Structure formats: structure tokens, C-alpha cells
Amino acid sequence: MKLILDFFPILLFFGAYKLADIYVATAVLMGATVLQMLITYAIERKLQTMQKATLVLILLFGTLTLVLHDDRFIKWKPTVLYGAMAIALAVALWGFRKNVLQAMLGAQLQLPHRIWTHLNVAWIAYCLFMAVINGYVALYFSTEAWVNFKLWGYAFPVVFLIAQGLYIAPHLKSEDTPAA
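Per our numbering, the sequence shown starts with residue 1, numbered consecutively.
These aren't lab readings, by the way, just hints derived from the structure by calculation.
Computed from a prediction, not measured in an experiment: that's the story for all the values here.
Treat the hints with care, since some could be wrong.
Pairs of lysine to any residue, SDA-like flavour, derived with a Cα cap of 20 Å [said to hold, decoys possible]: (1) Lys2 <-> Val158; (2) Lys52 <-> Ala103; (3) Lys98 <-> Leu109; (4) Lys18 <-> Phe7; (5) Lys98 <-> Trp76; (6) Lys46 <-> Gly83; (7) Lys2 <-> Gly153; (8) Lys52 <-> Ile4; (9) Lys2 <-> Lys98; (10) Lys18 <-> Gly153; (11) Lys18 <-> Phe8; (12) Lys98 <-> Ala122; (13) Lys46 <-> Leu105; (14) Lys18 <-> Leu66; (15) Lys2 <-> Leu66.
I would like the entire structure built from these sequences, with the hints used as guidance.
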């Protein structure tokens, strides 16, 4: 159910683009994201920081796209989001010596400190990669190619999350295993 809810806005965006244009698709994306967040809030009684940031950026860049009738704004939203995430994770880790991933997920996953650090660095690299690749496609390709990339580009996070799961699996501490 959560997976369907996560893909709901992008699928509607893609469909609206194919049936109309980028401006209709942007309006649909904005509405679908608001609906997605309302459903998420109704189920979980909270929104995570990332969900709030995504909502704000979609509404901000979507509004700029529609008001200025310039599709560059919605196309650059993912680059801004991923870039901001990479900077926030890097500053927290290397500037403040705080591991955001461990702070967010440490209650659910028992991992050694060095593995948390590796995961945080992997997320920084992944976010930078996604920011750069989206920026490249937004800058050098047509809007149609960018929209297709947005849909099929979901392979990147799926592969990243699977690789991350495979990496952490041997390091997970079970409750039955005594601590070393």
C-alpha cells in the first residue's frame, strides 16, 4: 500500500503529461502530492521531514512553473531537493558529527557505528548522483525526455535501496545474538 501511495503522484504526473502537457501534469502532481500527504498524515498521524520538504518544493516549484508558464522550474525541483539532502547529510555528518540516518532509523535497525557512517556517505553520494543526473537531463534533453526519465528513473532508488539492504543485512544485530 505504501509503495502504491509513494508512486501515486508520479504516475498521475506521467499520465497527465501524456494526455495533455507539462502544465496540466504539474497541476496534477501538485494536487496528487497534497492528497498523498493528507492520506499519509491520516494513516501515520505525522509527516516526516522529507515528506514536508517534498511537499513544499513541489508546491513552490509547481506554482512557479504554472504562474510563469516555464517548465524549467518543475524540472529543476528534484535537483534542488536531492542537492539539499546531500548538503544536509554532509554538514550533519562532517560538520556537526551527527549521523542523521542513525538518528532517524537507529531505533529500528541495530548496526555498528561504522556501518551507519558508510550508509550516510552512500546516501550523500546517491543524492549527489541523483541531483546531477536530473540536472543533466533537465538541461540537455527535451521536456518529454525528462518526463520519461522521471518515470523510468525510479529504477535508481529501487536499485540503491536493494543494494543498501544487501549491504546492511550481514551487519544487523538480532535480539537473539549477544553483543560482542
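### Task
Could you tell me which of the hints above the structure violates, numbers in ascending order?
Going through the list in order, the structure violates hints 5, 6, 9 and 15 and respects the others.
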